[in-house]
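Take the given structure of chain A and dock chain B to it, following the hints.
Read off the chains here:
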Amino acid sequence: MKTLNDLTQGQSARIACYMPKFSAARRLMELGLMPGTTVRFVKAAPLGDPIALEVDGRHLSLRREDAAKITVQAL
Amino acid sequence: MVRIALLGNPNTGKSTLFNCLTGLRQKVGNYPGVTVQRKVGRMIYGKNIAEIIDLPGTYSLAADSPDERVVVDALLGEMETVERPDLVLFIADATNLQRNLFLAYQTAQLGIPMVVAVNHWDSARKKNIRIDIAGLKQALGVPVVPISAARAEGITELKEVVAAALVSKPHLIEAKWPESVEKALDAARAALPESVRGLASRAVLHRSVFDEDRSFFVRHGVSPQQASAAIDAGRQMLFKGGLNPGNAETVLLYREIKERIAPCIEIDTTRSSSGSESIDSILTHKVWGLFAFLGLMYVVFQSVYSWAGPFMDLIDAGKGMIQDQVGSWLVQWPMLQSLATDGIVEGVGAVFIFLPQILILFFFITLLEDTGYMARAAFLMDKLFSWCGLSGKSFVPLLSSYACAIPGVMATRTIQDPKARIITILLAPFMSCSARLPVYVLMIGAFIEPSYGAAVAGATLFAMHFVGLLVAMPFVYVANKYILKIPPQTFVLEMPSYQVPKVRDVLLRMYNQGKEFVKNAGTVIFAITIVIWALLYFPRSEEVAESVTADFAAAQASELGVEQAEALALLESDEELADALDRRIASAYVEQSYLGRIGKTVQPVFAWAGFDWKITVGVIASFPAREVIISTLGIIYSLGGDVDEESGDLRDVMANQKWQEGEKAGQPIFTIPVVSAIMVFFALCQQCGATVAVISQETSWRYGLFSFVFMTTLAWIAAIVVYQVGSLL
Chain A
20 MKTLNDLTQG
30 QSARIACYMP
40 KFSAARRLME
50 LGLMPGTTVR
60 FVKAAPLGDP
70 IALEVDGRHL
80 SLRREDAAKI
90 TVQAL
Chain B
4 MVRIALLGNP
14 NTGKSTLFNC
24 LTGLRQKVGN
34 YPGVTVQRKV
44 GRMIYGKNIA
54 EIIDLPGTYS
64 LAADSPDERV
74 VVDALLGEME
84 TVERPDLVLF
94 IADATNLQRN
104 LFLAYQTAQL
114 GIPMVVAVNH
124 WDSARKKNIR
134 IDIAGLKQAL
144 GVPVVPISAA
154 RAEGITELKE
164 VVAAALVSKP
174 HLIEAKWPES
184 VEKALDAARA
194 ALPESVRGLA
204 SRAVLHRSVF
214 DEDRSFFVRH
224 GVSPQQASAA
234 IDAGRQMLFK
244 GGLNPGNAET
254 VLLYREIKER
264 IAPCIEIDTT
274 RSSSGSESID
284 SILTHKVWGL
294 FAFLGLMYVV
304 FQSVYSWAGP
314 FMDLIDAGKG
324 MIQDQVGSWL
334 VQWPMLQSLA
344 TDGIVEGVGA
354 VFIFLPQILI
364 LFFFITLLED
374 TGYMARAAFL
384 MDKLFSWCGL
394 SGKSFVPLLS
404 SYACAIPGVM
414 ATRTIQDPKA
424 RIITILLAPF
434 MSCSARLPVY
444 VLMIGAFIEP
454 SYGAAVAGAT
464 LFAMHFVGLL
474 VAMPFVYVAN
484 KYILKIPPQT
494 FVLEMPSYQV
504 PKVRDVLLRM
514 YNQGKEFVKN
524 AGTVIFAITI
534 VIWALLYFPR
544 SEEVAESVTA
554 DFAAAQASEL
564 GVEQAEALAL
574 LESDEELADA
584 LDRRIASAYV
594 EQSYLGRIGK
604 TVQPVFAWAG
614 FDWKITVGVI
624 ASFPAREVII
634 STLGIIYSLG
644 GDVDEESGDL
654 RDVMANQKWQ
664 EGEKAGQPIF
674 TIPVVSAIMV
684 FFALCQQCGA
694 TVAVISQETS
704 WRYGLFSFVF
714 MTTLAWIAAI
724 VVYQVGSLL
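Residue numbers (the numbering used here), protein chains in the order written: chain A, 20 to 94; chain B, 4 to 732.
Take these hints with a grain of salt, some might be off.
Unchecked claim - Think about it this way: if two alpha-carbon atoms lie no more than 30 Å apart in a straight line, the pair counts; the simulated DSBU-like pairs of lysine-lysine are:
id: 1; chain 1: A; residue 1: Lys62; chain 2: B; residue 2: Lys386
id: 2; chain 1: B; residue 1: Lys50; chain 2: B; residue 2: Lys140
id: 3; chain 1: A; residue 1: Lys62; chain 2: B; residue 2: Lys603
id: 4; chain 1: B; residue 1: Lys30; chain 2: B; residue 2: Lys50
id: 5; chain 1: B; residue 1: Lys386; chain 2: A; residue 2: Lys88
None of these hints come from the bench; they were simulated from the model.
Only chain A is shown next, with the shape it has when bound in the complex:
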């Protein structure tokens, strides 16, 4: 299963679901990362982590370890 962390620069994907017991899931959803939403992997930070995503025209940054807990369907 592909996760947000596996995307490459510029790639878009649709959020499928959150891994169980991921306590921050709710916070991330409130910020717009709802299952079914399309996200674009904008870029990784110069030191490799965290990564920047575009959701609904907004840029969000999250760490790779958290991104790896969100599965996606490639578009």
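Using the frame of chain A, we list chain B on its own:
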């Protein structure tokens, strides 16, 4: 007075709107018991005045952080000294309306009348986002006013609408919850003890069941077990209804919002690339991004350091002038003179001397935040800090602590996570601040350079700037991993669109920060200065001066081969001799003072680090402010208090100091191991009353005390290790 709460997501221009509505009529402080900044202002509309509370920016009412806790408690009317608002003025970002209105829908359950201001109206138009205001009004059921706070557009209309709404009290149409949610709320209510059932409103039950938030129940005397039981009952019911209790509210609300609001928004998606993204193609670029960041930080740091210089010199010079003036008025009463000049004026000066750096740093911090760059800086630097439990947000506060820990500690307000904030605050005083520089310059100039040359001296000065950081980082790692056991925090950060900052916002922030510092930390810093003054002044018996004068006259008499009476007369007439005598008396007074006695008493503790009693007195006297060591040493070595770190006299006297007694009698006191121990001690020790005061103000006095005890103990141990190891080599 009517009370209006200003509520909205972060980065929606809430502060700009607040400043727009209140102007200079604002008060900044803290909420009782927490370190969340409380901003209250007065808005004049027509002939009336309303109080506006600027609540912290939040995405949701699910309280994860102290900021969000404050928002929920204030809106529920559950906070001491803060009454429940009469109206919520909700500010939403036109370019991201659906996500913004999530919080508005959550707030609707609290039953407070609401007006929605849709900000960034101009940017939305530029981005081809069309919002049907009439449709939105209908969908929400409350007045909706398009505004552009940054250009002060729509403010007059907003005020009129708010005034009307205070009378008509419109309520946002609540979301329709599925039956399983209603059942869950009932189940939770039924599981509560009877006495509380009536108190728990639907809004409270919502927050409890969805967020597992016990605070309301516990505050009303429900035992934690009963509270948990009620929450579990509710969540169980959600689960039975096929909902995931962890995200049911988010999923359901978003679905509702989409249904109701999406028809009012029309987005032309043909223009996809935003201006922010093209700026970011440089500012968060793999290579250029780092260069730009380092360049920017250099400018900020240099400016705090060098722009503040002239102002600090001015304050210092002004202080000197006032001291001379006041001193000349009080020359008849030496004790009052000393209290006024060395105590009061010195204390006031000690507070104001920090203002230039605080103001300049907050000028830049507001600029960095309001443009949207601060979030990018955190994005760039996060990796450097994540290994020890911090995030990129710690970078700017720590860097500014190299100029001075006071503004650095205050800058940690940009860190939301409370534990990360406290660790950053405790780490800040380890950064080598500019007040340590004179100590390094004195010691290196007097002892390292003559023995090892300029190259080693330069390298030593450079290395001393990293001692604190290198020693403290392992502690942060250990504290995080084994003591605080902070669960790995999800670091999620919105990178807002770039904006041009408003001059008024920048100036108001500088003004408020400066005022708060002077008011809160200032009083403590002032008090500490007075206490140290008293310890250095008392007891002051005439006998000390008389016996020093007699000894001095006797020495002069035997040197010149004259009678003692003649020598005494000479002391009166010869200015140079009189000055020398004054300095000796001052030195004798310091030795006799309570602080001098304390220094002599604790000297054995510092003997393991190779310090004699004079260094010990200097160290103790510099606890209010470390740079005081120079002038204290000047007084102790009978050179007067006007010496500075470049002073050749002071260097010579120190180089010639020898142990008077004991096994080391006759050997020089300031050897390389002793000098190294002194420098390491100053690098690590919490010798800054102002920093302790600010840490206490920003957190609680416990952390101030902890920082003081921890750093001082660490410095003492490190100084001993350096001296002992150095002596073996």
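So, going through the hints one by one against the coordinates:
no. : hint               : in the structure
1   : A:Lys62 x B:Lys386 : 15 Å, holds
2   : B:Lys50 x B:Lys140 : 27 Å, holds
3   : A:Lys62 x B:Lys603 : 62 Å, violated
4   : B:Lys30 x B:Lys50  : 21 Å, holds
5   : B:Lys386 x A:Lys88 : 19 Å, holds
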